[in-house]
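Undergrad: Each chain is listed here by its residues.
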Amino acid sequence: MKLRLESVKITDVEFGPQTRISNGVLYVNKEELTGLLSKDENFASVNIRLAKPGDSIRIVNVADVVEPRCKISDGVDFPGVLARIVSAGRGITRALKGISVVLCDRHHHWIHSKSLIDMSGPAAEIGRYGKMLNLVIDPIPNGETGDIDYAYSVRQAGFKAAVYLARAGTDEQVDEVEVFDTENINPDLPSIAYYYQIYSPQHDPKGIPDPIFYGTPISLTLPLIVNANEIIDGAVLSGYTIRMMETYSIQNHAIITELSRRHGKDLNFAGVVVAVCSMEPVRRALGAMMVANLVRDTLKADGVIMTKPLGGAPNVDLGVAASECEKLGLKTTLLIQILNTRASLDSEMLFSDKALNAIINTGIIFETQELPALGTIYGGDENTQVFNDSRKQFAGQPIEVEKRFICGCLNQLGASCAVAVEY
Amino acid sequence: MQIEKLGIPTVQITSIVDVALMVGVSRLIRGYTITCPVADFHLKPEEEKIMRRRYMKKAIEMLQQEGKKGSYETI
Amino acid sequence: MMSDESVEKTSENQKWRVVCYLNQFFGQLGGEEKADVGFLVKEGPIGPALLLQSLLKEDGEVVATVICGDNYIAENLQEAVEEGLKIIADLKPSLFFSGPAFNAGRYGIACGAIASAVQERLAIPAITGLFPENPGAEMYRKNACVVKTGINAAQMRQALTKMADIGRRLLKNEPIGSAEEEGYLPRGSLKNEVVDKPAAIRGIDMLLDKIAGRPFRTELKIPEFEEIPPAPPVKDIKTATIALVSDGGAVPKGNPDKIKVSQNTIWAPYNLADIFANPFQIAHSGYHPTEVRENLNRLLPMDVLKEMVAEGVFGSLFPIFCSCSGNTTTVQSCKDMGKGIAQKLFDEGVNAVILTST
Numbered sequence: 001m002k003l004r005l006e007s008v009k010i011t012d013v014e015f016g017p018q019t020r021i022s023n024g025v026l027y028v029n030k031e032e033l034t035g036l037l038s039k040d041e042n043f044a045s046v047n048i049r050l051a052k053p054g055d056s057i058r059i060v061n062v063a064d065v066v067e068p069r070c071k072i073s074d075g076v077d078f079p080g081v082l083a084r085i086v087s088a089g090r091g092i093t094r095a096l097k098g099i100s101v102v103l104c105d106r107h108h109h110w111i112h113s114k115s116l117i118d119m120s121g122p123a124a125e126i127g128r129y130g131k132m133l134n135l136v137i138d139p140i141p142n143g144e145t146g147d148i149d150y151a152y153s154v155r156q157a158g159f160k161a162a163v164y165l166a167r168a169g170t171d172e173q174v175d176e177v178e179v180f181d182t183e184n185i186n187p188d189l190p191s192i193a194y195y196y197q198i199y200s201p202q203h204d205p206k207g208i209p210d211p212i213f214y215g216t217p218i219s220l221t222l223p224l225i226v227n228a229n230e231i232i233d234g235a236v237l238s239g240y241t242i243r244m245m246e247t248y249s250i251q252n253h254a255i256i257t258e259l260s261r262r263h264g265k266d267l268n269f270a271g272v273v274v275a276v277c278s279m280e281p282v283r284r285a286l287g288a289m290m291v292a293n294l295v296r297d298t299l300k301a302d303g304v305i306m307t308k309p310l311g312g313a314p315n316v317d318l319g320v321a322a323s324e325c326e327k328l329g330l331k332t333t334l335l336i337q338i339l340n341t342r343a344s345l346d347s348e349m350l351f352s353d354k355a356l357n358a359i360i361n362t363g364i365i366f367e368t369q370e371l372p373a374l375g376t377i378y379g380g381d382e383n384t385q386v387f388n389d390s391r392k393q394f395a396g397q398p399i400e401v402e403k404r405f406i407c408g409c410l411n412q413l414g415a416s417c418a419v420a421v422e423y
Numbered sequence: 424m425q426i427e428k429l430g431i432p433t434v435q436i437t438s439i440v441d442v443a444l445m446v447g448v449s450r451l452i453r454g455y456t457i458t459c460p461v462a463d464f465h466l467k468p469e470e471e472k473i474m475r476r477r478y479m480k481k482a483i484e485m486l487q488q489e490g491k492k493g494s495y496e497t498i
Numbered sequence: 499m500m501s502d503e504s505v506e507k508t509s510e511n512q513k514w515r516v517v518c519y520l521n522q523f524f525g526q527l528g529g530e531e532k533a534d535v536g537f538l539v540k541e542g543p544i545g546p547a548l549l550l551q552s553l554l555k556e557d558g559e560v561v562a563t564v565i566c567g568d569n570y571i572a573e574n575l576q577e578a579v580e581e582g583l584k585i586i587a588d589l590k591p592s593l594f595f596s597g598p599a600f601n602a603g604r605y606g607i608a609c610g611a612i613a614s615a616v617q618e619r620l621a622i623p624a625i626t627g628l629f630p631e632n633p634g635a636e637m638y639r640k641n642a643c644v645v646k647t648g649i650n651a652a653q654m655r656q657a658l659t660k661m662a663d664i665g666r667r668l669l670k671n672e673p674i675g676s677a678e679e680e681g682y683l684p685r686g687s688l689k690n691e692v693v694d695k696p697a698a699i700r701g702i703d704m705l706l707d708k709i710a711g712r713p714f715r716t717e718l719k720i721p722e723f724e725e726i727p728p729a730p731p732v733k734d735i736k737t738a739t740i741a742l743v744s745d746g747g748a749v750p751k752g753n754p755d756k757i758k759v760s761q762n763t764i765w766a767p768y769n770l771a772d773i774f775a776n777p778f779q780i781a782h783s784g785y786h787p788t789e790v791r792e793n794l795n796r797l798l799p800m801d802v803l804k805e806m807v808a809e810g811v812f813g814s815l816f817p818i819f820c821s822c823s824g825n826t827t828t829v830q831s832c833k834d835m836g837k838g839i840a841q842k843l844f845d846e847g848v849n850a851v852i853l854t855s856t
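Residue numbers (this note's numbering), protein chains in the order written: chain A, 1 to 423; chain B, 424 to 498; chain C, 499 to 856.
Quick caveat, the hints were computed from the structure, so don't treat them as lab data. There's no promise every hint is true.
Unchecked claim - Away from chain C, derived, C-beta distances all over 12 Å, residues of chain A:
#, residue
1, E125
2, V179
3, A254
4, T307
5, L334
6, A358
7, I359
8, E367
9, K392
Unchecked claim - Heads up, simulated PhoX-like pairs for lysine-lysine below, C-alpha to C-alpha not over 20 Å straight-line:
#, chain 1, residue 1, chain 2, residue 2
10, A, K131, C, K695
11, C, K736, C, K756
12, A, K327, B, K480
13, C, K804, B, K472
14, A, K354, C, K540
15, C, K708, A, K354
16, A, K265, C, K708
17, C, K695, A, K265
18, B, K428, C, K842
19, B, K428, B, K472
20, B, K481, C, K804
21, B, K428, C, K733
22, C, K708, A, K300
23, A, K300, A, K327
24, B, K480, C, K513
25, B, K492, B, K428
26, C, K695, C, K513
27, A, K354, B, K492
28, C, K837, B, K428
29, B, K491, C, K513
30, C, K837, A, K327
31, C, K804, C, K640
32, A, K2, A, K265
33, B, K481, C, K670
34, C, K751, C, K733
35, A, K354, A, K327
36, B, K480, C, K842
37, C, K719, C, K640
38, C, K736, B, K481
39, C, K736, C, K751
40, B, K491, B, K481
Each residue gets a CB set at the ideal place from its N, CA and C atoms; glycine is no exception.
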């Protein structure tokens, strides 16, 4: 599978009479885009706003962040979500770099799954989206739609906007091209597979799974092989209840991108096994065994790097799968996040297999950051509650927020540079 | 575990089995609750005593058997 | 940390008052024969404190050296520390150093205990230096700054240099880096730091090293649990002596051995019959002891076991039970207590153990 990713670098964004790109500036026809997104009856209205680095703007109720992308050939835009299902990962995809689409979900039920983005101050320094141009899609709920349908509408709106913006680019404006092609294997190089636990059904609201794989729910799936190109080309989306794994960070998947770039140089990228966290032990054991078999005998890898979403249960699944891999002689490296600040580097592991001795820690998620009040709030208002375990606090005030809620600060796919260190 | 190291078989009764399993205890009985490992205090005293006896009986049985890591008994 | 106004200075020259603690040997009183000496205070720096003074230069003045014998403290740790704390408080230091004690066990525990008390109860920055395997290191690293030192006094200068440097910065409210960077033992917290490579790259590089058999350093450690094969089963239960052990913290009223309610490091043997006959308490803050207080048999099922002995089910119930408290205990402490208990039971010829845990 070969994917050609063409990028147009955007250095600024403004509203204008016509949606187009000129000299690196993206002009957006606000009325046209608003009209396009307002067609969804689940919205009473749709606000579209711009947020730039340095602005005194706080974006709350962030449900997801998406990079503007569209299919130029050999595929459809966000298959299964915006269009019929056609394989992703082939042909040509165009992306706008330096700008993202931020989706706000004002529906009140999932406060724990919403993040925030500040465009200035400490959160902007530590969160990647505070350093980027953002087009903020902030719909107002009609008040009648249920949580899940509403969340789905927000997602659709975000992707529609992403495609709409990306289509503004022309062939002549492409500054960079990257080809993702990992077909040829060099027998002299070590082969590395990627185990990608994309989801856990433990938070499925009312037991209804989130349709994150080609717009389809896969909460009960056993491990499967998916081409890396598909994953970064829209086949996998972030979930409603998942933080630290925004769609933007899947489109720009740190591990997949790095493995693809190094393919043929110091390693072979053997492929990806996608898995979902099991909810009970028999399934977990079966899944783990399958992962090990797939990685070794089908992908023919020497080692596997492994990531997971969320917290504890996925941790256990990850550990069991990794142990099975090690038993078959595969070397594993795991990316694990730390929960607590009062802890030590040997107290946070939930498994004790000595073979799992190569662990990357991706930072402490409960560590808090104090943030000043900012001038303007998008996605809500001064009275929007911002999650804090010990007290009620509101977006219009100075607040103290755990790093897991600062969008783009920590990332479970390896994009962040934060590490937990002993003090 | 240190006691077992010197060759004295030991049965542990605890309701937090995961840690015991992690540490490698080989004769493990799942305790009733954290606050009351060998009895259910809601029972009448005579019944509670019978329950404690069952725990002790099981413990003594296990002391006479080979230790098995990675598993535990429930009364 | 403290603001400048609250810091006591000796004079207009703005030098901070520093107090040092040393044992009888480093305090130049003598060797083992002087280990029973009680607290004394000498004016100015003595022994290693002289070197410390020269390292602190103009930033601090060692106004006094507090000296005490290792045995005097070791034999009555809690009270001796109280005594020392009062002496130190009266000297009004802004900064406190104890040791370094390197790998000396009693001295290390004394240094750690006093430094912790000074840090926690007087809110004065307290620094000591210990070899990582010194028992005092694990016990006190979370309560005071324990700088990592070499194994003996041949490394005195290096140890004092690090201690002085950290001490000076603590006084000036300058930030102190991570445990690894600065050379002190982790104090039990974790902080996020930003490094140049993202986790994805670090992960792939680490995996390539692991595959190639090259050395690599994990960023998270698995807790260490020794592989100990199960002990063989009891051969003849009818003649066997069974002992009870518990980490539920049952102790005679007054807690004579001062078993701690959490992060405990002490175990003690008590007579089983006595603890039932006399008032007892629970030294364990990790569970509600109401049910156990009502009926100690719920933790230590002595009534049932005695009946079983009478019926001939097994040989005898060992009259002593070993008590400790297992709430948030470190792995190391569990190991140490376990070793102690094991040795005692082994020496007394006990054949089997029933361990109840809360």
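Undergrad: Evaluate each hint against the coordinates.
TA: Against the structure, the hints come out as follows:
For A:E125, the condition that its CB be more than 12 Å from all CB atoms of chain C is violated, with the nearest at approximately 10 Å. Chain C leaves A:V179 outside its interface by the beta-carbon criterion, the shortest separation being 20 Å against a cut-off of 12 Å. Consistency note on A:A254: stated as away from chain C, yet its beta-carbon is not over 12 Å from all of that chain's, at 4 Å minimum. Residue-level check failed: A:T307 sits 8 Å from the nearest beta carbon of chain C, not beyond 12 Å.
The Cβ of A:L334 does not lie farther than 12 Å from every Cβ of chain C; its closest approach is about 8 Å, which violates its non-interface assignment. Not every C-beta of chain C lies more than 12 Å from that of A:A358, the closest at about 5 Å, which undercuts listing it as non-interface. Distance check on A:I359: its Cβ comes as close as 4 Å (rounded) to a Cβ of chain C, failing to clear the 12 Å threshold; non-interface status is violated. At roughly 5 Å from the closest C-beta of chain C, the C-beta of A:E367 falls inside 12 Å, breaking its exclusion from the interface.
Taking the minimum C-beta to C-beta distance to chain C, about 25 Å, the non-interface status of A:K392 holds against the 12 Å cut. Note on A:K131 and C:K695: the hinted pairing holds, with a Cα-Cα distance of about 18 Å set against a maximum of 20 Å. For the given pair, C:K736 sits about 36 Å from C:K756 by alpha-carbon distance, which is inconsistent with the 20 Å threshold. Between A:K327 and B:K480 the alpha-carbon distance is near 38 Å, which puts this suggested pair outside the 20 Å criterion.
Taking the CA atoms of C:K804 and B:K472, the gap is near 12 Å; set against the 20 Å cutoff, the hint holds. For the hint linking A:K354 to C:K540, the alpha-carbon distance of about 52 Å lies beyond 20 Å, and the restraint is violated. Restraint check: the Cα-Cα separation between C:K708 and A:K354 comes to about 14 Å, which is no more than 20 Å; the hinted pair holds. A distance of roughly 18 Å separates the Cα atoms of A:K265 and C:K708; the hinted pair therefore holds under the 20 Å criterion.
Using a Cα cut-off of 20 Å, the hinted pair C:K695 and A:K265 holds, with the two alpha carbons roughly 19 Å apart. Distance check on the hinted pair: B:K428 and C:K842 sit about 13 Å apart at the alpha-carbon level, within 20 Å; holds. Restraint check for B:K428 and B:K472: not satisfied, since their Cα atoms lie roughly 32 Å apart, outside the 20 Å limit. Distance check on the hinted pair: B:K481 and C:K804 sit about 16 Å apart at the alpha-carbon level, within 20 Å; holds.
Distance restraint check for B:K428 and C:K733: the Cα-Cα separation of roughly 17 Å lies within the 20 Å cut-off, and the hinted pair is therefore satisfied. Restraint check: the Cα-Cα separation between C:K708 and A:K300 comes to about 17 Å, which is no more than 20 Å; the hinted pair holds. As the CA atoms of A:K300 and A:K327 are separated by approximately 15 Å, the hinted pair is consistent with the 20 Å bound. Among the hinted pairs, B:K480 with C:K513 is inconsistent with the structure: their alpha-carbon atoms are about 70 Å apart, more than 20 Å.
For a cut-off of 20 Å, the pair hint linking B:K492 to B:K428 stands: about 14 Å separates their Cα positions. As the CA atoms of C:K695 and C:K513 are separated by approximately 43 Å, the hinted pair breaks the 20 Å bound. Restraint check: the Cα-Cα separation between A:K354 and B:K492 comes to about 16 Å, which is no more than 20 Å; the hinted pair holds. Taken as a hint, the C:K837 and B:K428 pair is honoured in the structure, with Cα atoms around 9 Å apart against an allowance of 20 Å.
Pair hint B:K491 plus C:K513 does not hold up; C-alpha atoms about 65 Å apart against a cutoff of 20 Å. For a cut-off of 20 Å, the pair hint linking C:K837 to A:K327 is broken: about 33 Å separates their Cα positions. Using a Cα cut-off of 20 Å, the hinted pair C:K804 and C:K640 is violated, with the two alpha carbons roughly 43 Å apart. For the hint pairing A:K2 with A:K265, the CA-to-CA distance comes to about 18 Å; that is within 20 Å, so the pair holds.
This hinted pair does not check out: B:K481 and C:K670 have alpha carbons roughly 62 Å apart, beyond 20 Å. Using a Cα cut-off of 20 Å, the hinted pair C:K751 and C:K733 is violated, with the two alpha carbons roughly 38 Å apart. In summary, the hint linking A:K354 to A:K327 is supported, as the alpha carbons are separated by about 11 Å, within the 20 Å threshold. For the proposed pair B:K480 and C:K842, the alpha carbon gap of about 25 Å is over 20 Å, so the pair is violated.
As the CA atoms of C:K719 and C:K640 are separated by approximately 19 Å, the hinted pair is consistent with the 20 Å bound. The suggested pairing of C:K736 with B:K481 holds, with an alpha-carbon distance near 15 Å, which does not exceed 20 Å. For a cut-off of 20 Å, the pair hint linking C:K736 to C:K751 is broken: about 34 Å separates their Cα positions. For the proposed pair B:K491 and B:K481, the alpha carbon gap of about 14 Å is at most 20 Å, so the pair holds.
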